[in-house]
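Listed below, chain by chain, are the residues.
There are 2 protein chains.
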Amino acid sequence: MNPNVRDAEYAVLGELPARAEMIEKTIQAGQNKFKFDNVVYCNIGNPHIFNQKPITFFRQVSSLCENPDLLKIENRQLVSKLYPSDAIARAEILLKNIGFLGAYSDSKGVPHIRQNIAKFIENRDGYPADPDTIFLTQGASEGIHRVLQLLHQPNHHQKTGVMIPIPQYPIYTACLQLMGAEPVPYYLNEQKNFAVDLSRLEKSLRMAREQNVNVRALAVINPGNPTGQCLPKENIREVIQFCHENGLIAMADEVYQANVFHPQDHPFHSFKKVLRSMGPKYDNQELFSFHSTSKGMVGECGRRGGYVECVNIDPAVLQELYKIFCMFSCANVQGQIMVDLMTNPPTEGDASYPQFKAEIDAIHTSYHRRAKRLTDCFNRLEGVVCEEAKGAMYLFPRITLPSKAIREAKRAGMSPDSFYAMALLEATGVCVVPGSGFGQEPGTLHIRCSFLPEESLFDTFCKNIERFHKEFMTKYKD
Amino acid sequence: MNPNVRDAEYAVLGELPARAEMIEKTIQAGQNKFKFDNVVYCNIGNPHIFNQKPITFFRQVSSLCENPDLLKIENRQLVSKLYPSDAIARAEILLKNIGFLGAYSDSKGVPHIRQNIAKFIENRDGYPADPDTIFLTQGASEGIHRVLQLLHQPNHHQKTGVMIPIPQYPIYTACLQLMGAEPVPYYLNEQKNFAVDLSRLEKSLRMAREQNVNVRALAVINPGNPTGQCLPKENIREVIQFCHENGLIAMADEVYQANVFHPQDHPFHSFKKVLRSMGPKYDNQELFSFHSTSKGMVGECGRRGGYVECVNIDPAVLQELYKIFCMFSCANVQGQIMVDLMTNPPTEGDASYPQFKAEIDAIHTSYHRRAKRLTDCFNRLEGVVCEEAKGAMYLFPRITLPSKAIREAKRAGMSPDSFYAMALLEATGVCVVPGSGFGQEPGTLHIRCSFLPEESLFDTFCKNIERFHKEFMTKYKD
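First to last, the sequence lines map onto chains A and B.
Once you know that position 29 of the first sequence is 29 in full-length UniProt numbering, the rest is easy, because the numbers rise by one and skip nothing.
Once you know that position 201 of the second sequence is 201 in full-length UniProt numbering, the rest is easy, because the numbers rise by one and skip nothing.
These are calculated hints, taken from the structure and not from any lab test.
Mixed in with the good hints, there may be bad ones.
Intra- or inter-copy, both count: the list cannot distinguish identical chains.
Stated by the list, open to error - Derived lysine-lysine pairs resembling BS3-like cross-links, with alpha carbons at most 27 Å apart: (1) 323 x 410; (2) 81 x 477; (3) 25 x 119; (4) 96 x 81; (5) 357 x 72; (6) 477 x 404; (7) 203 x 33; (8) 357 x 273; (9) 96 x 25; (10) 475 x 273; (11) 25 x 323; (12) 470 x 372; (13) 33 x 470; (14) 96 x 33; (15) 192 x 357; (16) 273 x 192; (17) 203 x 281; (18) 33 x 281.
One chain only, chain A, in its complex shape:
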């Protein structure tokens, strides 16, 4: 067996969620010996499990695409009672351009959809985007994996390294370990709201190169996961300069670009836009940018839709990436359709626009309210400091635990934050991810908790956390 698989950790779906599932099964089997009635999965950004409704227009279009009989003339009268005209029109456009929904598409994805994505990127950034440099993927994870496969050099005398932020969403470490490549960690600066710190980048790169690691790329997650920051433009510019000076490919994980809660003070800046704004000197700076249908207000995680835009990549290299995509045929076409809808939604004047706008706004403002309420909840707890999320779907409070709890954790063979998270799960059913699952600065402890639970249950949710924390602190008081 691959020893790197054995050593790899994947905390988002690790020991805690496994325990959570066991608890859930026990409860479902009618043997509830717990103080709560259900498990609250805050370990993963999976909005629909909290009864978040899918965007109506998106599902209308996808259901019409699935069943070509619905678009037949003889059914038109009935169907028009069930579907708005613009959903029918969109399904017809998609089917015409896709050709056959049940066939493999081009391995890069349906050309028509790539054109729509390019327009979306152009509108977002104000700079041109080329459909031929856009590859549809099964979620952002696949795109990240493929790019890492492209730049990895197995059997090379030097190990391939990729710089990854700490804390980080663990797909990067996991993929690199799986391949036998080297994660080269750099710490985000918690004091500066988890900005990227240039001196830390330099130190980390120097150390890796001294250890004979062939560092090829630098990954940034913006808006941050698990850390919720939206990087300032100047910070992104510094990162790009650093990549440029050191011959590193930039990988920008931008899946939370629509989950931004303070757009005035902390807007989302795409790496592509900042790169293009830096002038022709940077026209040779390679960049891969990832997006997904799983986040934003869409939240269609089960669909496995996403794309990667390849910026300033040599056409010969792009051709090699294409070869990797060809091996796996294509991204699922239903996921591709969802990417089309996400990047090309109804606009003013369309029959479905008012409902679409209302749905998106309701989710967005509710996310913002929930983020604030959970931040307040955490900040009321003894020894806990929590920054309000500027973006993404999580809070990442820093927790100071009594030394008795830390000793107890050691005795149980667990990291202190895992120990705390496990106690929280057993007492409340709330499943979070310990900071150690993402990496954290030595001597600090955190948990990552999504703020996605249903708003109507939020009072209970927060009260449970508060009650638990008080009891925990009392129990382990020094």
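Given chain A's structure and the hints, the job is docking chain B onto it.
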């Protein structure tokens, strides 16, 4: 860049299909300087591009799942005019069990669907199947890739090797090269209808081990791709014995299990069934079996649905495989639904059964007719010998070319079979894959040609091939 990517070949989507697409674009742009009106993509098993209609019941259910509003009471009357009762009932069962279509499922797949797959396997084989050992995948390719990742040992002092049939569908070589692992080829016996030849297995394994390759597994494709054979039970038994004696994991690629045309004389035997029939001595023989929604009579390639059944795998190893699946969250849920439908279709007494049965039978008998007609066509050609396909979707005729053509190919820097295939494409628009893309015994030449073109166009299709071949042979007569 990963030098293994550069060196990897992926002929199914290589130089010829790229040229085919260029030709198609030229024609679409109204500049047809060719002797044909459209490109015929016989390079890939992609039935829907030839106007093969999706199975009605499957698409009805998936379209109902997509749009939860259709199942609301107030729409029931209208919807029952568009959908049969059993499609509505099935969608309700699926949605109830999936919970939220837009959410990540369990990384292994929806438990309810895994249970249905287990029942399907039990009915097929007459031996128990455990839902916990079944993982839903995005097409069979993903399953193969994940299992290879599991057993690969990067940075080990020995290279990991996997025995692969030659000729083979190139996903195996491609994945192994991508990872920096070693394909260990063994030649199928063309004289014995491409059976697996024990002495060749032994020789191939011995040579690889002498070269210090750590051979871990043996892959078999049955029914064969590109070779169309259905392995006899005794041959499968020999392969399993060989694996058992030599400590090799068996990987059975069984995606064409429903595409069998002589079930009396050449039935499909699953590796799992044969393994179980060999008694308790083999209860420690590890086996991974792959299946897909892309083939059979379903042909839903764009869906990316599939599964892998893990037989006799140590629970600790299964847990590690689960970890790899967790990294990529889950297979797309729409694909999972298609796997449910494929393995659990309407049965006698269901409202949709007659139509379902008629559709499946029509596709199956038409495949059989087309396979025969294309076989006859190839066998009428000078220097061509073609075995009728027992299974799968392709013919793999052996071609003897005049030495003048072989010299001409060399001059053009192409293998003779690629040279022939390219000439065929330029003259007829028929795109096939040269045998060298799958590997073939030295000194032999083949092409792989799917028999999927629309039956109504088959006369023209065959005539074009015959006309081309005559002209080619005349042109290059020795």
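Cross-check of the supplied hints:
no.	hint	in the structure
1	323 x 410	between (48 Å within a copy, 25 Å between copies)
2	81 x 477	neither (64 Å within a copy, 67 Å between copies)
3	25 x 119	between (46 Å within a copy, 22 Å between copies)
4	96 x 81	both (23 Å within a copy, 26 Å between copies)
5	357 x 72	between (29 Å within a copy, 23 Å between copies)
6	477 x 404	within (7 Å within a copy, 90 Å between copies)
7	203 x 33	neither (51 Å within a copy, 61 Å between copies)
8	357 x 273	within (26 Å within a copy, 55 Å between copies)
9	96 x 25	between (46 Å within a copy, 17 Å between copies)
10	475 x 273	neither (51 Å within a copy, 57 Å between copies)
11	25 x 323	between (43 Å within a copy, 20 Å between copies)
12	470 x 372	within (21 Å within a copy, 77 Å between copies)
13	33 x 470	within (21 Å within a copy, 80 Å between copies)
14	96 x 33	between (56 Å within a copy, 26 Å between copies)
15	192 x 357	neither (34 Å within a copy, 65 Å between copies)
16	273 x 192	within (23 Å within a copy, 61 Å between copies)
17	203 x 281	within (25 Å within a copy, 57 Å between copies)
18	33 x 281	neither (64 Å within a copy, 44 Å between copies)
In this structure, the earlier hints numbered 2, 7, 10, 15, 18 are contradicted, and the remaining ones agree with it.
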